[in-house]
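Modelling step: build the complete structure from the supplied sequences, incorporating the hints.
Residue numbers (the numbering used here), protein chains in the order written: chain A, 4 to 208; chain B, 696 to 804.
Keep in mind the hints are simulated off the structure, nothing from the lab.
Some hints here could point you the wrong way.
Have a look at the derived ranges for each label pair, beta carbon to beta carbon [said to hold, decoys possible]:
{"hint": "1", "chain 1": "A", "residue 1": "R180", "chain 2": "B", "residue 2": "S735", "range": "36 to 44 Å"}
{"hint": "2", "chain 1": "A", "residue 1": "I183", "chain 2": "B", "residue 2": "L717", "range": "38 to 46 Å"}
{"hint": "3", "chain 1": "A", "residue 1": "D172", "chain 2": "B", "residue 2": "P753", "range": "55 to 63 Å"}
{"hint": "4", "chain 1": "A", "residue 1": "G89", "chain 2": "B", "residue 2": "M722", "range": "56 to 64 Å"}
{"hint": "5", "chain 1": "B", "residue 1": "Q729", "chain 2": "A", "residue 2": "P129", "range": "18 to 26 Å"}
{"hint": "6", "chain 1": "A", "residue 1": "P129", "chain 2": "B", "residue 2": "S708", "range": "18 to 26 Å"}
{"hint": "7", "chain 1": "B", "residue 1": "Q726", "chain 2": "A", "residue 2": "D172", "range": "46 to 54 Å"}
{"hint": "8", "chain 1": "A", "residue 1": "E117", "chain 2": "B", "residue 2": "R714", "range": "28 to 36 Å"}
{"hint": "9", "chain 1": "B", "residue 1": "I710", "chain 2": "A", "residue 2": "F173", "range": "48 to 56 Å"}
Simulated pairs of lysine-lysine, DSSO-like, Cα-Cα distance not exceeding 30 Å [unchecked claim]:
{"hint": "10", "chain 1": "B", "residue 1": "K739", "chain 2": "B", "residue 2": "K720"}
{"hint": "11", "chain 1": "B", "residue 1": "K720", "chain 2": "A", "residue 2": "K122"}
{"hint": "12", "chain 1": "B", "residue 1": "K720", "chain 2": "A", "residue 2": "K81"}
{"hint": "13", "chain 1": "B", "residue 1": "K801", "chain 2": "A", "residue 2": "K122"}
{"hint": "14", "chain 1": "A", "residue 1": "K81", "chain 2": "A", "residue 2": "K122"}
{"hint": "15", "chain 1": "A", "residue 1": "K81", "chain 2": "B", "residue 2": "K739"}
{"hint": "16", "chain 1": "B", "residue 1": "K712", "chain 2": "B", "residue 2": "K739"}
What you are looking at is a predicted structure, and each value in this text was computed from that prediction instead of being measured.
Think of the CB as a built atom: it goes at the ideal place given N, C-alpha and C, for glycine as much as any other residue.
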Amino acid sequence: MSTVLPVIQAELAANSFIDFDEKLAAYGVELRAAAVDTLQVNAVGYGIEGSGLILDLVYNPVGAFLPPPQASIEADFKRELATRYGISFNHLYTITNMPIRRFLDYLRRSGNEERYMRKLVEAFNPGTVQGLMCRTMVSVDWTGRLYDCDFNQMLELEVAAELPQTIADFDPETFARRRIMTGPHCFGCTAGSGSSCGGAVAVSA
Amino acid sequence: MAYYEEDDLQRFSEIAKHRPDLFEKFMAWYQACQEDGALSRHEKALIGLAVAHALQCPYCIDAFSQTCLEAGSNMEQMTEAIHMASALRGGAALIHGLQAHNSANKVSM
Numbered sequence: 004m005s006t007v008l009p010v011i012q013a014e015l016a017a018n019s020f021i022d023f024d025e026k027l028a029a030y031g032v033e034l035r036a037a038a039v040d041t042l043q044v045n046a047v048g049y050g051i052e053g054s055g056l057i058l059d060l061v062y063n064p065v066g067a068f069l070p071p072p073q074a075s076i077e078a079d080f081k082r083e084l085a086t087r088y089g090i091s092f093n094h095l096y097t098i099t100n101m102p103i104r105r106f107l108d109y110l111r112r113s114g115n116e117e118r119y120m121r122k123l124v125e126a127f128n129p130g131t132v133q134g135l136m137c138r139t140m141v142s143v144d145w146t147g148r149l150y151d152c153d154f155n156q157m158l159e160l161e162v163a164a165e166l167p168q169t170i171a172d173f174d175p176e177t178f179a180r181r182r183i184m185t186g187p188h189c190f191g192c193t194a195g196s197g198s199s200c201g202g203a204v205a206v207s208a
Numbered sequence: 696m697a698y699y700e701e702d703d704l705q706r707f708s709e710i711a712k713h714r715p716d717l718f719e720k721f722m723a724w725y726q727a728c729q730e731d732g733a734l735s736r737h738e739k740a741l742i743g744l745a746v747a748h749a750l751q752c753p754y755c756i757d758a759f760s761q762t763c764l765e766a767g768s769n770m771e772q773m774t775e776a777i778h779m780a781s782a783l784r785g786g787a788a789l790i791h792g793l794q795a796h797n798s799a800n801k802v803s804m
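Take a look at the structure:
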C-alpha cells in the first residue's frame with residue numbers, strides 16, 4: 004500500500020520518548036524544526052488514520068547500543084508523542100547505528116569501539132540475512148559508480164571487481180547473483196532484529 | 696590487581712570451567728527468566744537494574760543498564776527503578792531501628 008501512497012520519512016533522532024525534551028534542547032533548532040514539521044504534516048493529513056497519507060518515523064539509538072524491538076518502541080512512541088505533543092504517525096522503523104564515519108569517530112573517542120563491535124558480532128542473527136537490502140538493491144553515486152549499499156558507498160567500497168562498475172553497464176541478472184562486498188560494518192545490519200531503510204528485517208530471532 | 700575488572704563481565708562464561716553442567720543450567724534459567732512472559736522484557740530489564748543496585752554488583756549494573764536501553768527504557772524510568780531499590784534498602788535498614796529500640800528498652804528502667 005505504502006508504495007503507491009506518498010511517504011514521508013521524518014527522522015526523529017531521540018533515544019527515547021521521555022528524553023524527547025532533553026533531545027530537543029541538545030539538538031536545538033534542527034530537532035525543534037522536525038517536531039514542528041511533524042505537526043505541520045499531521046495538519047495536512049499525513050500520519051492521520053484513514054487519510055491515505057503515510058508518515059513514518061525512523062529511530063536510531065543515540066549511543067553505542069542496539070535499538071529496542073521495533074514493535075514495542077513503535078507502541079511507546081505512538082502513545083507518548085500523541086499524549087505529549089499531539090503528534091501521530093503510521094510506522095516507526097528502527098535502524099542500527101553503523102560503525103562507520105561519524106559514529107565510528109564517536110565510538111573511538113568514547114572508548115566504545117571494541118565493546119560495540121563485540122555487541123554487534125555477538126548479536127549476529129542469521130534470520131536477518133534474507134532481508135538484507137544489499138541482496139536486492141544497489142547504490143549509485145553521482146558519477147554512476149555502483150556500490151552494494153549506501154554504507155559501502157560512504158566507505159568508497161565499490162562492487163566486486165568482476166562486476167560492471169557503473170550504472171551504464173548494469174545488468175540485473177548478473178547483479179542478482181553477485182558476490183557482495185562486506186566489511187566489519189556489515190554486522191550492523193545483521194545484529195539482533197537486523198537493520199535496513201525499512202527498519203528491522205529479521206524473520207526469526 | 697583491582698578487585699573488579701570491567702573485562703571480567705565478558706569472561707563470565709569462564710566460570711563454567713570446573714562444572715560446565717551447573718553453569719549451563721544456570722544460563723538456561725537466567726535467560727528464560729528474561730523472556731517476554733506475564734511481564735515484558737522491558738519490565739524485567741528494569742527489575743534487573745533495580746536488583747543490581749540493591750546488590751551493588753557493578754557487573755550487573757553495567758549489564759542491565761545496557762539491557763534497559765536496548766529494551767527501550769529511558770533514563771527517567773531507569774532512575775525511578777534505582778530509587779525504588781534504594782528506598783527499599785533504606786526502609787529495610789530503618790525498620791531495624793525498632794530492634795535497637797527494643798534492645799535499649801529491654802535494659803532500661
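Worksheet item: Is the straight-line distance between the alpha-carbon of B:K720 and that of A:K81 30 Å or less?
Response: Roughly 39 Å between the alpha carbons, so the hint for B:K720 and A:K81 is violated.
Discussion item. Holds or violated: B:K739 and B:K720, Cα atoms, limit 30 Å.
Written reply: This hinted pair holds, its Cα atoms lying about 20 Å apart.
Worksheet item: Between A:I183 and B:L717, does the C-beta distance stay in 38 to 46 Å?
Response: Check passed, 43 Å falls within 38 to 46 Å.
Discussion item. Please verify whether B:K720 and A:K122 have alpha carbons no more than 30 Å apart.
Written reply: holds, 24 Å
Worksheet item: Between A:K81 and A:K122, does the CA-CA distance stay at or below 30 Å?
Response: Given pair A:K81, A:K122 holds - Cα atoms ~28 Å apart, limit 30 Å.
Fill in: Given pair status - A:K122, B:K801, alpha carbons within 30 Å
This hinted pair is violated, its Cα atoms lying about 58 Å apart.
Worksheet entry | Pair hint A:K81 and B:K739, alpha-carbon separation not exceeding 30 Å | At roughly 22 Å apart (the allowed maximum being 30 Å), B:K739 and A:K81 satisfy the hint.
Discussion item. 18 to 26 Å was suggested as the range; check whether the CB atoms of A:P129 and B:S708 agree with it.
Written reply: holds, 21 Å
Worksheet item: Is it true that the C-beta distance of A:R180 to B:S735 lies inside 36 to 44 Å, as the hint says?
Response: Since the Cβ atoms of A:R180 and B:S735 sit about 42 Å apart, the hinted range of 36 to 44 Å holds.
Worksheet entry | Given hint B:K739 paired with B:K712 - CA-CA distance at most 30 Å | OK: B:K712 and B:K739 at ~29 Å, within 30 Å.
Fill in: Range hint compliance [Cβ, B:Q729 to A:P129, 18 to 26 Å]
holds, 21 Å
Practice prompt. Evaluate the given range 28 to 36 Å for the C-beta pair formed by A:E117 and B:R714.
Written response: holds, 30 Å
Comparing the model with each numbered hint stated earlier shows that hints 4, 12, 13 do not hold.
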